[in-house]
Amino acid sequence: MQVRERPEATPGTATRELTYAEALRDALRGELARDERVLVFGEDIAQHGGAFQVTAGLYAEFGPTRVRNTPISELGIVGMAVGAALTGLRPVVELMYVDFSGLAMDQVVNQAAQNRFMFGGQASVPMVLRTQGGSGRGNAAQHSKSLEAWFTHVAGLKVVMPSTPADAKGLLAAAIRDDDPVIFIEHKLLYRSKGPVPEGEHLVPLGVADVKRPGRDLTIVTWSRETLFALEAATQLANDGIEAEVIDLRTLVPLDRERVLGSVRRTHRALVVHEAVRRGGYGAEIAATIAEEAFDDLDAPPKRLGGLETPIPYAAHLERAVVPQVDDIVRVAKELVG
Amino acid sequence: MDRQPALAMYQTMRTVRRFEQRATQLFGENKIWGTIHSYAGQEAVAAGVCAHLRDEDWITSTHRGHGHCIAKGADVGRMFAELLGRETGYCRGRGGSMHIADTSKGNLGANGIVGGGIPIAVGAGLTAKQLGQDRVAVAFFGDGGLNQGSFHEAANLAAIWRLPVLFVCENNQYAETNPVKDAFLIEDLSQRAVAYGMPGVRVDGQDIRATYDAAGEAVARARRGDGPTLLVAETYRYEGHYYGDPQVYRTKDEIETWRSRDPLVIARSWIVGERLATEADLDAIDRAVDEEIERGVRFADESPPASPIRLPEDVYASA
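Going line by line, the protein sequences match chains A and B. Residues 1 to 338 in the working numbering are what the first sequence lists, from first letter to last. Residues 339 to 657 in the working numbering are what the second sequence lists, from first letter to last.
Just so you know, the hints here were simulated from the structure itself, not pulled from any lab data. Warning: the hint list may mix true and false statements.
Chain A side only, calculated, beta carbon under 7 angstroms to chain B, not exhaustive [stated by the list, open to error]: (1) GLY83; (2) SER124; (3) ASP179; (4) PRO196.
Label-pair restraints from in silico Cβ distances [stated by the list, open to error]: (5) A/THR13 / B/GLU514: 38 to 44 angstroms; (6) A/GLU61 / B/ILE498: 21 to 27 angstroms; (7) B/PRO646 / A/PRO301: 48 to 54 angstroms; (8) A/ARG279 / B/PRO642: 41 to 47 angstroms; (9) A/GLY102 / B/LEU469: 27 to 33 angstroms; (10) B/LYS519 / A/GLN142: 33 to 39 angstroms; (11) A/LYS194 / B/ASP526: 42 to 48 angstroms; (12) A/PRO254 / B/ILE498: 57 to 63 angstroms.
Beta carbons are placed, not taken as given, at the ideal position from N, Cα and C, and that holds for glycine.
Looking at chain A on its own, in the form it has when it is part of the complex:
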């Protein structure tokens, strides 16, 4: 699948072809080297290099105190990250699957997210919770969910979901340098996807959406792996004379409202696509924002395309049946424009 890259690098910056996993590692390596307060910990991340090999080699490079294996204690290690962040470190804690976040949710919601506000701004919690979600690998219901809406609902968290290797690198580095708790959700099927990635320091600011493909007939707002599906759908739509603009939110919180609304005001039609279950999904927030803010510019009601209201099934064909596929996006986009 072809992905148009729009890295925020200064013109002339050299790029390298990297996988999404390698790009994430590039960011971790850069931040570990740059700032001694940064440390990485989680389950199986040291010698083993992480369940998805994102941290491969970092243990050998930075040693056991900077890259630390932990016991299987999701609540404990996330809470430890909160305490470490409050007292001067910049921890990056890896939760192997976003589905495990339920085990750690008190520390995420009641502690990390609310500490600053609750204590009147005395402290900040500069931690990154790296995790991954999504279906498509036969991991079934407890290892395949898309749970970003849980986190977007909590004041005090930032939520990042990159779709390309360049964004993965730039957003992770920016998240580590950010002074607030950032939930950084990768997609398990993107780890091997490739793209050009700026070498050296590369930062993508949080809160800036990216137009991955410009177009005039409708706006598709999406994120994470569905961005790739939307771009494929846009290629097919173009064959039928429909030019779709594809906006990759990249950061769900803070939300780049202006880029979304500006696009919709030009195209007059909006389709929001995400892998997560449609009911109560973040797409509802986007669609409602568009309806409230750009109603007079719309030629049709905003539409949402999301996962079916089921857990993720195991078998490959069943798995595909419950999350939006390229054909679904093409079909709904045509209905919207037609």
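Since the structure of chain A is already known, use the hints to place chain B on it.
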């Protein structure tokens, strides 16, 4: 023990007791919103432990946290101001009784989630170890917290990495309304430490000498790099779980039995018995504390209400 630390601990205990009495009174006058959880009866624990801590050492505290806060050096005026929802309060009215932090004194904050602060203290211990700092972290929690998964996970993490952490379980005999005998099959809660390979110490939490000595050993052990300790202090909560708790789960006899071993009375008789100070010296401390408390209440009362203007801006450190 020397006169100075003994009197300082007595003063802390007296300040906590008077703070709680005054807060209860203010609650009765409808000046405090929400709820308060009194620390009265448990003063010897916070005072004995925090006597070994420096400003740069950290604590995490609980919903019953006023005592820890004062023992770690907080200003009672700013605490009252927080309870009254004033701009001068520690958290500018955002936190209230259950969420006071004073990061300038290493108090990382009280916590409304039972056991919520325990892993956070372990994270602070990790910072000290990682950056090679001579600092320790103390997690205060109750018998209720000892049954939360957060304790078990955090205790194990601190133990395997020998982090400079002290786990202080204040067994005040009730987790909210549930008596400790209904929540544990073991009688000596410090046995829990064995499972994590750390020392477990059980002390009389009403006796300042016992809490001071045990905490001193545990803090020294943490500073030496020998890892964490679980300290279980047997103590008692004089008031109900919260202001207005009908307390149907315990008897007046039981309360009177515990009150007959009041930590302030024990501290006084010890100090006078050891000739570290006279009754008159202690009376002078009492009067000074009463004045400080009244000044604190006045400060809070005269402070402006917390402003709602900046509420959304306080959520994130960087926009």
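Structure versus earlier hints, numbers of those that do not hold, lowest first: Going through the list in order, the structure violates hints 4, 5, 7, 11 and 12 and respects the others.
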